[in-house]
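Student: Numbering follows our numbering, in which position 200 of the sequence shown is assigned residue number 203; successive positions increment by one, without gaps.
Any given hint could be a false lead.
What the hints assert, rightly or not - The following label-pair restraints were derived from C-beta to C-beta distances:
{"id": "1", "residue 1": "LEU283", "residue 2": "ARG47", "range": "19 to 29 Å"}
{"id": "2", "residue 1": "VAL155", "residue 2": "LEU127", "range": "25 to 35 Å"}
{"id": "3", "residue 1": "LEU40", "residue 2": "GLY19", "range": "31 to 41 Å"}
For the record, the hints were derived by calculation from the structure and aren't laboratory data. For each residue, glycine too, the CB sits at the ideal point set by N, CA and C.
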Amino acid sequence: MSSEPAFNVCLPRPEGYEHSFCLLELAELITYSLQDLGHDTTFRINDLDTGRRNIVVGCHLLPTDLIPQVPPSTIVVNSEQIYDQDPFEWNRNIFAWASTFETWDYSPRNVAAFAQRGLTDVKLLKIGHQQQLSRIEKSPDPDIDVLFYGSVTDRRSVVFEEIRRRGLNLVTLFAVYGEQRDAYIARSKVVLNLHNHAAEIFEVVRVHYLLSNSVAVVSEVNPSTSVSDFYSEAVAGVPYAALADECERLVTDEVARRDRQQRGYDVISRYPQTAFTNELLS
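With the hints as constraints, model all of the structure from the sequences given.
Tutor: Put into structure tokens, the structure is as follows:
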């Protein structure tokens with residue numbers, strides 16, 4: 004029997020709230036990395052295990068009145084952007100959970116925001132490559148030029164119109180997750196990632212999975228965007244005003260697109276998630 008501590012990774016899913024599944028790959032990333040490190044680890048939805056150390060992915064989804072019922076050893080993972088200019092109602096939930104439990108967060112900018120509020124023990128969850136997540140079989144003849152999945156806002160619609168004006172086949176998805184979304188990714192030449200919030204934090208929770216599947220990612224990266232060096236290298240990062248042009252370039256230039264696909268995978272695969280997860284446990 005392993006002497007390593009046992010874990011349970013829990014993904015909260017409030018009743019009728021399908022968007023929890025946008026965090027599925029993050030929860031799987033943590034689960035698989037713990038297993039590869041030798042920890043007996045389970046993954047459950049809406050289910051804590053008092054016999055294991057629980058890791059709750061997406062603490063903003065949980066009401067604070069549950070805090071007294073959760074084992075004190077629990078780790079909570081914040082997956083959301085924190086920024087004063089975007090006052091989300093769930094920030095109150097996040098701060099309450101982070102005040103009570105060990106907290107992991109994917110963004111250095113978020114970690115700094117926690118510290119400004121007196122929560123100085125939040126740990127940075129670096130996000131890298133996990134081989135089990137390399138599972139999308141790409142179409143040899145992709146029929147979608149540009150794919151975007153997420154909410155359609157006015158800010159994003161401006162870019163979408165520019166892409167369509169160039170004659171590109173753009174497909175947008177909302178509330179499509181898991182294998183159904185992966186089927187669209189497999190058919191796409193380029194996947195577009197762009198900001199929705201004023202925080203301008205690079206959407207690593209979304210992008211890591213694409214890079215681990217050799218997807219060419221065009222991403223908004225402005226001078227003020229908070230992004231790690233290796234993700235800057237892995238994606239085709241351009242400012243907001245240049246997103247449509249960069250999509251067109253990679254859609255029409257197959258050699259450049261294949262180079263971007265391979266480079267993205269090569270970069271992220273240099274950073275195994277097991278090393279990052281192990282840092283948090285040591």
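Student: Take the hints in turn and mark each one as holding or not.
Tutor: Now the hints, each set against the structure:
no.	hint	result
1	LEU283 - ARG47: 19 to 29 Å	holds (20 Å)
2	VAL155 - LEU127: 25 to 35 Å	holds (31 Å)
3	LEU40 - GLY19: 31 to 41 Å	holds (35 Å)
When the structure is compared with the earlier hints, no violation turns up for any of them.
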